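**Q** With chain A's structure known, arrange chain B on it following the hints.
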Amino acid sequence: MQFLDKSKELNKNPLLKKLILFLVLTLLLYLGLDIVLHQHQIGLTLTTASNTIIGNEEEFLDPILFDTLLECTHSNILSSMITLMLLALILIRLNPSSKQYLIHFSFITAILSHVALLLTFSYSLFITLWIGFFILWHLLAFIMGLSIMWRLR
Amino acid sequence: MNKLYNIVIRYFLLMLLMLLITGVWMLLLHTSLSIESFTDYYVQKSIFGLLEVVTPHLFAMGTVIFILTHFLSLKNKNSSFESKTTLILFSLMLISNLSMFFISETMAWLVWIKIISTFLFLIFSLFIMWRVVNRQY
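Residue numbers (the numbering used here), protein chains in the order written: chain A, 171 to 323; chain B, 58 to 194.
Calculated directly from the structure, the hints in this document are not laboratory data. Worth double-checking, as some hints may not be accurate.
[Said to hold, decoys possible] With the Cβ distance kept under 8 Å, some of the chain B side facing chain A (calculated, not the full set): (1) M72; (2) M75; (3) M157.
A quick note: this is a predicted structure, and the numbers were derived from the prediction, not measured. By construction, the Cβ of each residue, glycine as well, lies at the ideal position given by its N, Cα and C atoms.
Bound conformation, chain A alone (with noise of 0.2 Å):
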């Protein structure tokens, strides 16, 4: 973890500054086309997420079985928690001072929408807390990462 390292002077580590830059521009891009690839997967509506979660008997559309659902959120957990621990430390790294609330938001909102995913499965209430918490630990993972890119200008 070469950004722990505080004895690295950035400015004089132009070297250091690229691959920060290169890492989380790849994962501006990850968390963009995961939005993509959830909206072609489960769907991003209310609409499309209920038709393919509880299905729709008058389009023919089975429910989703719940494999495929714990599945989905075990390599959603991994993705996000590694995405999120990088851009986190990034971001203190370069700014130690950094407001606490947007790492807990993130991680939160994170950690909610894995377990509003899973009761989805129960209760179709969770579809809307599902899609609001996926895109707002999405969102706020982009405006870390934005924030990095700003500090690293």
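**A** Positioned in the frame of chain A, the structure of chain B alone reads:
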């Protein structure tokens, strides 16, 4: 060390706990809590079916163990106990993943290797997570 690093580490550990819980949940769903169904699950899978499970797990578990155990190295003084625990965790992960290739109808007893190594992996992961939480940086 900045207090914010501790916050990030704690959130990481919480999400890791969720990852372990969903992983165990999936394993129990697939195997229905019986040794016969556990064995059948692996015996019925083709070599490519097993590869589909093992390949992402090797990458993900290797990366996560590295991240988790490197938190122990943020402090200069590491006990040999912690080094050994890290080595054991990596070994258990490899045994747990690779043992499923050898489970067959004639060697069904190997399923015990898979179950025990997975169980020990969980115990050691929780132990290291507890050490990281209680560590003063």
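**Q** Are the hints correct? Go through all of them and say.
**A** Each hint, compared with the structure:
1. M72: holds (4 Å)
2. M75: holds (5 Å)
3. M157: violated (17 Å)
Hint 3 from the list above is the single one not met by this structure.
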